[in-house]
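> Chain by chain, the residues:
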Amino acid sequence: MATPGRALPQPTPETQHFWDGTKANELLLQRCDECSKVYFPPRPFCPACASRKVSVTKASGKATLYSYIIHHRPVPGFTPPYAIAVVELDEGPRMMTNIVDCEQTPEALVLDMPMEVVFEPQTDTITLPLFRPALTSSAKG
Amino acid sequence: MPHNTVAVVGAAETTKLGVITDLSQLGLHADAALNAMADCGLKPSDIDGIACAAQETPVQLAHYLGITPTWIDGTAVGGCSFMIHVRHAAAAIEAGLAKTILITHGESGKSRIGAPPRPVHPQSLNGQFEQPFGPMGPPSMFTIPVLRYMKTYGVTEEQIAQVAVVQREWASKNPRATFRNLITTDDVLNSRMIAWPFRLLMCCLVTDGGGALILTSAERAKDFPTKPVYILGTGESAETPMISQMEDFTSSRAFRVAGPTAFREAGIVHKDVDHLMIYDAFAHLPLYGLEDLGFLPKGEAAGFIAGRNTAPGGSLPLNTNGGGLSYMHSGMYGMYALQESVRQMRGTAAAQIPGAKISVCHGVGGMFAASGTVIFSNQAP
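Chains as they are written, first to last, in the working numbering: chain C, 11 to 151; chain W, 223 to 603.
In case anyone wonders, no lab produced these hints; they're calculated from the structure. Beta carbons: idealized from backbone N, C-alpha and C, even for Gly. One should not assume that every hint holds.
[To be verified] Below, in silico cross-link-like pairs of lysine to aspartate or glutamate (EDC-like), each with a Cα-Cα straight-line distance of 16 Å or less: (1) W:Lys373 with W:Glu522; (2) W:Lys373 with C:Glu117; (3) C:Lys47 with W:Glu469; (4) W:Lys373 with C:Asp122; (5) W:Lys321 with W:Asp268.
[To be verified] Listed next, with one range per pair, are the computed distances between beta-carbon atoms: (6) W:Pro339 with C:Pro91: 21 to 31 Å; (7) W:Arg442 with C:Thr22: 41 to 51 Å; (8) W:Asn403 with C:Pro116: 28 to 38 Å; (9) C:Arg53 with W:Gly535: 43 to 53 Å; (10) W:Asp408 with C:Gln26: 49 to 59 Å.
[What the hints assert, rightly or not] Some chain C residues near chain W, calculated using beta-carbon distances under 7 Å: (11) Gly15; (12) Leu18; (13) Gln20; (14) Thr74; (15) Ser77; (16) Ile79; (17) Ile80; (18) Val85; (19) Thr89; (20) Ala118; (21) Leu121; (22) Met123; (23) Thr135; (24) Leu138.
Go ahead and model the full structure; you've got the sequences and the hints to work with.
So, in structure tokens, the structure goes:
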């Protein structure tokens, strides 16, 4: 699905570490040093307790399929039908993504199936975190 | 906040709804505003407060209509902005900030005349963490939570289709509704696939139109030619601009705050409600609304609708204009839901509920991003 034309993110100072991470094939979350909340999307403070003492933490890349739709309309960079999915990471946060290495059908895409991250470079600076059905078992799945 | 201390005295939609090629978005605002002023016999010089949600700011509308406001509100949080304008306007009148407030909406949603696009900025949270994965507007985003809801409560695609079928029954009674021909569950399930499990007939219309409301104190309302529609209670809230970051995909936190706030303020319970509007950009929204507002336990709304409880003749008439699915939907639908509640309280709706005294009007903004609720009554304080 890495065809040209897909909308791409432009990092901001608060999110640059996340996109640097995906470029290095790492999925980076943040954890609050005070209340231990693990959160996404990135911000330099904890959304649970407002502490500015937060650390970047590398996620396992394991997740489960939380919900999705299968889009049937044309969008630049995509060939319909394609799934727009939300996965729940083993660490807790959820994120929007696409599913790769899997048929884009209701039969193949079963809620709660174990998933794992794959990194798909789009440009010299932007790599997107996509997910595929897990080849190895998830701690949760 | 007021119980019965503020009333709607003027209410009107644009002269036409549907495809309107002879007015810009700004012109639709003005058409609705002039109709609402005519409805209650006011001139622009009688208006001292103005609210709107659109790219046409309250400043533009005040200038265009010839209004000198002492109170302005540009709250723009999507399609429930108008419910929130009503809430803010009621508080402003109660506090003495303005005496007569005009809330306008105009939207060239179909014809796109004077309606500039609003692209998602690639540095925004949505632009970085959702847009790269291929959504294109509400049909591919607002719909994402529903599979989790369906799995959690065992709700079927047929049951979601039933929402559209029942609302078409209401629309068939309304000469101003865009779609009036009755449909079956099969018609819905066989309509063009948009974003599985959503077919075309589970998605709202895309039309042009507008509407306006005029509010004043209940005391002054008695002097107007129209039947006053009193505001019993209101609520508002917000959750997240990103559909992927909703706390719970089976329930809207913004609904669960706004709805009960309005009920508490109104001092009513659910069995007091004669008429209900729940913003239906997509067929799953009435399910979330019925449950999150406390009309039904979680997971029971689909069976309730399929059991014809919200259909004509049912115990809880819902979306009696036909809703966003069949009546009209210009993009921000909340104003049209409010108009139907006002018509029901005035006794002038196309599909009038006999003897209705209390109407609940519940809106959503963005994609489960925000929410506003207004509870109306036609009973004098």
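> All the hints need checking, so say for each whether the structure fits it.
A quick look at each hint next to the structure:
The suggested pairing of W:Lys373 with W:Glu522 holds, with an alpha-carbon distance near 13 Å, which does not exceed 16 Å. Among the hinted pairs, W:Lys373 with C:Glu117 is consistent with the structure: their alpha-carbon atoms are about 14 Å apart, no more than 16 Å. As the CA atoms of C:Lys47 and W:Glu469 are separated by approximately 14 Å, the hinted pair is consistent with the 16 Å bound. Taking the CA atoms of W:Lys373 and C:Asp122, the gap is near 10 Å; set against the 16 Å cutoff, the hint holds.
With a C-alpha separation of about 9 Å, the suggested pairing of W:Lys321 with W:Asp268 holds against the 16 Å cut-off. Checking the proposed 21 to 31 Å range against W:Pro339 and C:Pro91 shows it holds: the Cβ atoms sit about 25 Å from each other. W:Arg442 and C:Thr22 have their C-beta atoms about 50 Å apart, which keeps the hinted 41 to 51 Å range intact. Range check, W:Asn403 to C:Pro116: about 29 Å between beta-carbon atoms, so the 28 to 38 Å window is met.
Judged by the Cβ atoms, the range 43 to 53 Å given for C:Arg53 and W:Gly535 holds: they are separated by roughly 51 Å. For the hinted restraint 49 to 59 Å between W:Asp408 and C:Gln26, the CB-CB distance of approximately 52 Å keeps it satisfied. Nearest Cβ of chain W to the Cβ of C:Gly15: about 10 Å, over the 7 Å cut. The hint is violated. For the restraint placing C:Leu18 at the interface with chain W, the shortest Cβ-Cβ distance is roughly 6 Å, inside the 7 Å limit, so the hint holds.
Because the closest C-beta pair between C:Gln20 and chain W is about 4 Å apart, less than 7 Å, the hint holds. Contact between C:Thr74 and chain W, as hinted, is not supported at the beta carbon level, the nearest pair being about 11 Å apart and thus beyond 7 Å. For C:Ser77, the interface hint holds, the least distance from its beta-carbon to any beta-carbon of chain W being 4 Å, beneath 7 Å. Hint on C:Ile79 holds. Least Cβ distance to chain W is approximately 4 Å, under the 7 Å limit.
Given the 7 Å rule on beta carbons, the hint for C:Ile80 holds: about 4 Å separates it from the nearest Cβ of chain W. This hint holds: C:Val85 has a C-beta 5 Å from the nearest C-beta of chain W, less than the 7 Å allowed. Annotation: C:Thr89 was flagged as interfacial toward chain W, and the flag is violated, the nearest CB pair being 10 Å apart, outside 7 Å. With 7 Å as the threshold, the beta carbon of C:Ala118 stays out of range of chain W, its nearest partner Cβ sitting at about 12 Å, so the hint is violated.
This hint holds: C:Leu121 has a C-beta 5 Å from the nearest C-beta of chain W, less than the 7 Å allowed. For C:Met123, the suggested interface contact is broken, since its CB lies about 12 Å from the closest CB of chain W, more than 7 Å. Interface restraint check for C:Thr135: the shortest CB-CB distance to chain W comes to about 12 Å, outside 7 Å, so the restraint is violated. Because the smallest distance between the Cβ of C:Leu138 and any Cβ of chain W comes to about 6 Å, under 7 Å, the interface hint for this residue holds.
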